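Chemist: Each chain, letter by letter, is given below.
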Amino acid sequence: MLLVLSEEHKEHLSFLPKVDVAVVAEFGRIALEFLRRGTSRKIYEGAARKLCVPVEMVQHGVEGLMFLMTESSKHMISEVDFLDSVLVLGFVEELNQILLQLYLQHHSQIRSVLSLLSSDMPAYHNVEWRLDVQLASRSVRQQAIPMLTLRLLLMRGHDGCTDHSRVLQTDPSTLLHLISTLEAALAAMKTKHCALRMLV
Amino acid sequence: MELSESVQRGLQSLADPSVFDHTSFPALLDVSFRSLLSSHADRGVLDQSELKQLDQILLKQSHTAATTFILEAVKQNADKSTISSCLEELTFSAERIEIFCSTYQKHKKELEHLLASIGRQPPHVNDVSWRLQYHMKNGQVDKVNEPFYLISMNTESKGIPEDINFTCTMEQLQDLVGKLKDAAKSVEKASQM
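Protein sequences appear in the order of chains A and B. No gaps in the numbering here: position 5 of the first sequence is 5 in the working numbering, and each next residue is one more. Convert by adding 200 to the 1-based position in the second sequence; the result is the number in the working numbering.
If we strip away everything but chain B, and leave its shape as in the complex, we get (with noise of 0.2 Å):
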């Protein structure tokens, strides 16, 4: 993996048992994960007791330093060896890898999901929802006499829903459904090669 020159500074300021002893080197841990994974912004994240007797500037550059480790870490889907020859290689203890370890091993799934969902997306169909009218008249037409489906797609984008509406006869329905069905039949053939 590679690490710029200040991530490197500050996750060996980290690494150093005279800066971060044994109380605030897992608080810091605690507190970087937390940084990333809660959906609001918090000021006060640094605010903890454990932290407070450190150099505050020292601190944020080790805060910046373990967030973007363990971003790059996910981001590249490091495994163990991988981040445990880094740390070695940045002068951490090996029970201090074992910490970091243990507790990205935990959180790891979670931040997976946050950065997969950054990024450009066509919407999402979450549902689709339907309805059979009988379309008798209309205002230029008398005597219309059929039926017809009134089609609602359910979509999602950034979590903003929005309904795709639109009309179509059984015949259309039909071609709708087929082409679905041959899309269906085209991924479970892929998913047995």
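So here's chain A without its partners, still in its complex pose (with noise of 0.2 Å):
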């Protein structure tokens, strides 16, 4: 699949063959960087002060650079296809592999940085457990119950640190209830496998 890139990105992206291979790549890494950290205004403005060009278009430079990166590996596109897309910039053969090689080395990266944008449900992440009996409660006195509290760590996308911790409680027959439901589910994957390799 073709890349189609807008009037106004090529308008942006213009601005690298004006400047050395070297900053090309320089500006290559401050865009993985800034996809990874956010940007950082003083660091266009560093570089326009080295290049004595106006700020705007270094940024304009390197958001293009983000977007291009960001679209090629949104949609996991081949090499051929991403050389094919960057030609229409008309840029020189050693301009389009150094583009390239950023591509390639690190899409699965921006890849795993833009599925984390996506997450909008808790995803499990671990369970605790505890078997407790109950002997007493502050309205009955003898008792012997025996009850499991799991506690349920979920994690919600953006930052992989744990979110969310509930803490839940269930009796020994509903938890052999859940076991059995969740093996159902487990097994549910297997059957399935055949048609989910139709698909892909």
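Please keep in mind that the hints were generated in silico from the structure rather than gathered at the bench. Predicted model only: the values in this text are computed from it and were never measured. Glycine included, C-beta positions come from ideal geometry on N, C-alpha and C. Any given hint might turn out to be false.
[Said to hold, decoys possible] Over 10 Å on every C-beta distance to chain B, these chain A residues come out as not near it, computed from the model: (1) R36; (2) K42; (3) G46; (4) P172.
[Stated by the list, open to error] Taking lysine to any residue and the SDA-like style, the derived pairs with C-alpha atoms no more than 20 Å apart in a straight line are: (5) B/K358 with A/E71; (6) B/K343 with A/E71; (7) B/K308 with A/A144; (8) B/K358 with B/S238; (9) B/K381 with A/S139; (10) B/K381 with B/W330; (11) B/K358 with A/S139; (12) B/K308 with B/Q276.
Now that you have both chains on their own, put them together as the hints suggest.
Modeler: Right, here's the structure in full:
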């Protein structure tokens, strides 16, 4: 699949051939860093001063690079398609190769960063359990009730740290029911495997 | 069993045949158990025909004493001999003790259940439902092509149901099931000790 670059995008990237190849490589590194950590205006200003160009030009160039990388990674486009897509920019072959290398080296990393953006449901992280026997409560003094206390740890996409922890309780017979239900869920994956293979 | 002064006095009135005769005694007992077990407070619970001729204040004191005594007995899981000796000390006749004990036995389980449900507990898991889905793409990433599970734990806290929803991959689900199985094994081991 080919990427279709907008006119504005092409204009932003037109800055790149005007500078040294080493500078483009440096911009590539900055772009990836920004994708990981977020942008920083100071870096744009520093680079603009060194190259004696307006800050906006540097900013657009780097942002253009970032967008090129994210779009290519999002669609997992092949080497050939990538080169064909950047051909329209009219760069020299060396520059195209640099951009390609940047893409090939970092596309899986970029994809994992992008996938963090799309998590909206809490995901399972871990479960801790404890077997207790309740002996008494404020209203009843002599009891012997076995109960399982569970701590379910869930994670929300973005920062990868455990966001959500729920303390739950269940009894031994419900526990066995949960286990058999979830084992049936796992078995379902195995029988549908052939159908999944056909989909892909 | 330790009982306060007012409870003792109320029970002593209940034991007295000149206050509560052989029709009003079982009537008050019945009313006492009923008022503990019914889910709605009934203002007219003491408006029984058998209890109409009694002094209303005395009636209320005895009713309060009886219900307090019953709850205390259930709470301490008192056996028949403890209850009998307690009532004997409060001048109950053997016949009345017998009537009380048989009514108490009838309702004991239900009362225990009622008392056990009072108190703070974490939400109780009743069931779990699951869905197996295939993630093809989303707004940020194309060609994801991964199967995943949507698990929903149905919990209940004081009658209010709540669903805890989360996703997991097959490996994560295997981890969850493995840990739950460990827990089940420990329950089995503990029950054999």
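Chemist: Indicate, hint by hint, whether the structure satisfies it.
Modeler: Here's how the hints hold up against the structure:
1. The beta carbon of A/R36 is kept farther than 10 Å from every beta carbon of chain B, the shortest such distance being approximately 15 Å.
2. With 10 Å as the threshold on Cβ separation, the claim that A/K42 sits away from chain B holds: the shortest Cβ distance comes to roughly 28 Å.
3. Separation of A/G46 from chain B is adequate, the least Cβ-Cβ distance of about 30 Å exceeding the 10 Å criterion.
4. For A/P172, the shortest C-beta to C-beta distance to chain B comes to about 5 Å, within the 10 Å cut-off, and the non-interface label is violated.
5. Between the alpha carbons of B/K358 and A/E71 the distance comes to roughly 50 Å, so the proposed pair goes past 20 Å and is violated.
6. Restraint check for B/K343 and A/E71: satisfied, since their Cα atoms lie roughly 12 Å apart, inside the 20 Å limit.
7. Distance check on the hinted pair: B/K308 and A/A144 sit about 17 Å apart at the alpha-carbon level, within 20 Å; holds.
8. For the hint pairing B/K358 with B/S238, the CA-to-CA distance comes to about 17 Å; that is within 20 Å, so the pair holds.
9. A threshold of 20 Å between alpha carbons decides the hint, and for B/K381 with A/S139 the separation of about 33 Å lies outside it, so the pair is violated.
10. Of the pairs offered as hints, the one joining B/K381 and B/W330 holds, with about 18 Å between alpha carbons and a cut-off of 20 Å not exceeded.
11. Taken as a hint, the B/K358 and A/S139 pair is honoured in the structure, with Cα atoms around 16 Å apart against an allowance of 20 Å.
12. This hinted pair checks out: B/K308 and B/Q276 have alpha carbons roughly 12 Å apart, not beyond 20 Å.
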